[in-house]
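Produce the complete structure using the sequences and hints provided.
Residue numbers (our numbering), protein chains in the order written: chain A, 129 to 285; chain B, 129 to 285; chain C, 129 to 285.
Identical chains blur together in the list; that is why a pair holds if it fits in one copy or across any two.
With a Cα cut of at most 30 Å, we get these calculated BS3-like pairs of lysine-lysine: (1) Lys154 <-> Lys191; (2) Lys138 <-> Lys221; (3) Lys209 <-> Lys138; (4) Lys154 <-> Lys138; (5) Lys154 <-> Lys209; (6) Lys191 <-> Lys151; (7) Lys209 <-> Lys221; (8) Lys154 <-> Lys221; (9) Lys221 <-> Lys151; (10) Lys138 <-> Lys191; (11) Lys191 <-> Lys221.
No lab work stands behind these hints, which were simulated from the structure alone.
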Amino acid sequence: MQGDVETRLKELGIELPEAREPKVAKILGSNIAGNILYISGQVPQWNGEIPYVGKVGQEFDVKQGQEAAYLCGLNIIAHAKQALNGDLERIEKVVKIRGYVNSTPDLHEVASVVNGVSELFINVFGERGYHARTVAGVNVMPFNVAIEVDADFFIRT
Amino acid sequence: MQGDVETRLKELGIELPEAREPKVAKILGSNIAGNILYISGQVPQWNGEIPYVGKVGQEFDVKQGQEAAYLCGLNIIAHAKQALNGDLERIEKVVKIRGYVNSTPDLHEVASVVNGVSELFINVFGERGYHARTVAGVNVMPFNVAIEVDADFFIRT
Amino acid sequence: MQGDVETRLKELGIELPEAREPKVAKILGSNIAGNILYISGQVPQWNGEIPYVGKVGQEFDVKQGQEAAYLCGLNIIAHAKQALNGDLERIEKVVKIRGYVNSTPDLHEVASVVNGVSELFINVFGERGYHARTVAGVNVMPFNVAIEVDADFFIRT
Numbered sequence: 129m130q131g132d133v134e135t136r137l138k139e140l141g142i143e144l145p146e147a148r149e150p151k152v153a154k155i156l157g158s159n160i161a162g163n164i165l166y167i168s169g170q171v172p173q174w175n176g177e178i179p180y181v182g183k184v185g186q187e188f189d190v191k192q193g194q195e196a197a198y199l200c201g202l203n204i205i206a207h208a209k210q211a212l213n214g215d216l217e218r219i220e221k222v223v224k225i226r227g228y229v230n231s232t233p234d235l236h237e238v239a240s241v242v243n244g245v246s247e248l249f250i251n252v253f254g255e256r257g258y259h260a261r262t263v264a265g266v267n268v269m270p271f272n273v274a275i276e277v278d279a280d281f282f283i284r285t
Numbered sequence: 129m130q131g132d133v134e135t136r137l138k139e140l141g142i143e144l145p146e147a148r149e150p151k152v153a154k155i156l157g158s159n160i161a162g163n164i165l166y167i168s169g170q171v172p173q174w175n176g177e178i179p180y181v182g183k184v185g186q187e188f189d190v191k192q193g194q195e196a197a198y199l200c201g202l203n204i205i206a207h208a209k210q211a212l213n214g215d216l217e218r219i220e221k222v223v224k225i226r227g228y229v230n231s232t233p234d235l236h237e238v239a240s241v242v243n244g245v246s247e248l249f250i251n252v253f254g255e256r257g258y259h260a261r262t263v264a265g266v267n268v269m270p271f272n273v274a275i276e277v278d279a280d281f282f283i284r285t
Numbered sequence: 129m130q131g132d133v134e135t136r137l138k139e140l141g142i143e144l145p146e147a148r149e150p151k152v153a154k155i156l157g158s159n160i161a162g163n164i165l166y167i168s169g170q171v172p173q174w175n176g177e178i179p180y181v182g183k184v185g186q187e188f189d190v191k192q193g194q195e196a197a198y199l200c201g202l203n204i205i206a207h208a209k210q211a212l213n214g215d216l217e218r219i220e221k222v223v224k225i226r227g228y229v230n231s232t233p234d235l236h237e238v239a240s241v242v243n244g245v246s247e248l249f250i251n252v253f254g255e256r257g258y259h260a261r262t263v264a265g266v267n268v269m270p271f272n273v274a275i276e277v278d279a280d281f282f283i284r285t
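Okay, structure coming up:
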């Protein structure tokens with residue numbers, strides 16, 4: 129029997145990317161400590177292809193930035209699913225996300241960009257999806273990706 | 129009967145702002161997971177007005193940046209109080225804060241700026257106020273605010 | 129009897145710096161809450177001297193940035209050891225690190241820079257050293273240091 133979150137993903141027509149392990153270094157895509165599942169900073173990739181390389185405010189506008197944030201969010205969910213052996217129902221809540229937007233210095237809508245992932249989580253996880261958040265605009269990112277987002281989940285152990 | 133922290137706030141003549149929920153997206157100002165209370169990144173606002181829009185090193189000097197950091201800190205305490213149903217005594221300790229200063233690239237005193245909130249926490253929470261900290265200077269912030277600070281508290285559940 | 133981690137440090141010929149408390153404000157180098165040991169953002173210093181002041185991509189190349197990251201990592205281990213009263217065996221795992229590289233806007237290898245600390249942790253802690261990670265390139269750091277890294281450890285209480 130599928131859980132609520134999987135049902136919701138299906139209803140929303142959302143397909144998850146592969147949970148790709150980071151190519152650089154031997155770091156982990158996710159790590160569990162006690163009741164917290166930590167997801168590494170995810171970039172806007174789809175199975176290894178990165179359609180969002182460049183700065184929001186320059187190569188991309190805010191709407192495209194939101195799409196990039198959404199894609200980071202899909203990768204976060206994919207990693208969470210893998211870390212939980214496929215059972216997204218073990219997620220009690222999304223605790224906190226941090227969004228780092230690769231921005232021009234005059235892009236004041238960085239919070240709006242990160243909404244692309246915040247809204248995804250609320251749509252997918254419902255009440256469990258509401259989260260605390262921190263956002264900053266930074267001047268460069270790994271591989272010059274447009275945005276990186278990490279997340280902490282509170283889980284049933 | 130008022131607890132120590134409320135007494136201390138009164139002695140210091142500190143009035144807290146309203147704990148405003150973020151205007152953008154449906155994210156939370158705070159979130160509790162187990163024994164940790166996570167406060168979302170707070171900007172230097174007072175009940176919706178933001179007196180610190182601009183960069184430290186340009187529109188603001190280090191002293192003004194510290195005042196902005198202090199104001200972020202008041203909003204953090206206000207959110208903590210709301211999350212704990214008014215009982216700040218449930219805070220066992222301030223665990224960690226992260227300060228992101230909207231800086232010009234030549235502003236090397238970013239740590240000094242964030243002292244505005246660190247000193248507030250030590251003044252208000254006493255021994256419980258000492259915390260670990262991470263600081264970075266970033267090139268743009270939501271609404272171009274001068275600084276954003278988030279915090280994790282260890283609480284009695 | 130020395131534990132595995134100390135033995136490994138010795139085998140690798142690694143000497144730890146002093147665990148210096150931050151000079152600015154009365155903040156802590158580390159803080160324990162429950163099973164998590166939080167290390168404050170560490171800069172590339174050796175007992176108070178900072179050989180890496182400047183930007184990666186300008187004053188320093190990627191390889192030098194990695195050396196700076198490695199030095200941050202040594203300071204993280206030194207603080208962890210002090211926080212654990214000398215017993216690094218209490219570390220169950222490195223949970224998460226966050227690396228903020230003081231970068232020029234065209235430095236796309238920021239993840240590669242932070243590998244300097246990721247690889248150190250895997251070398252020193254073995255299986256326990258694999259970690260989740262978030263990386264961003266920022267436009268200025270305290271004292272203009274080349275990189276700052278913080279870390280969360282899962283510990284036996």
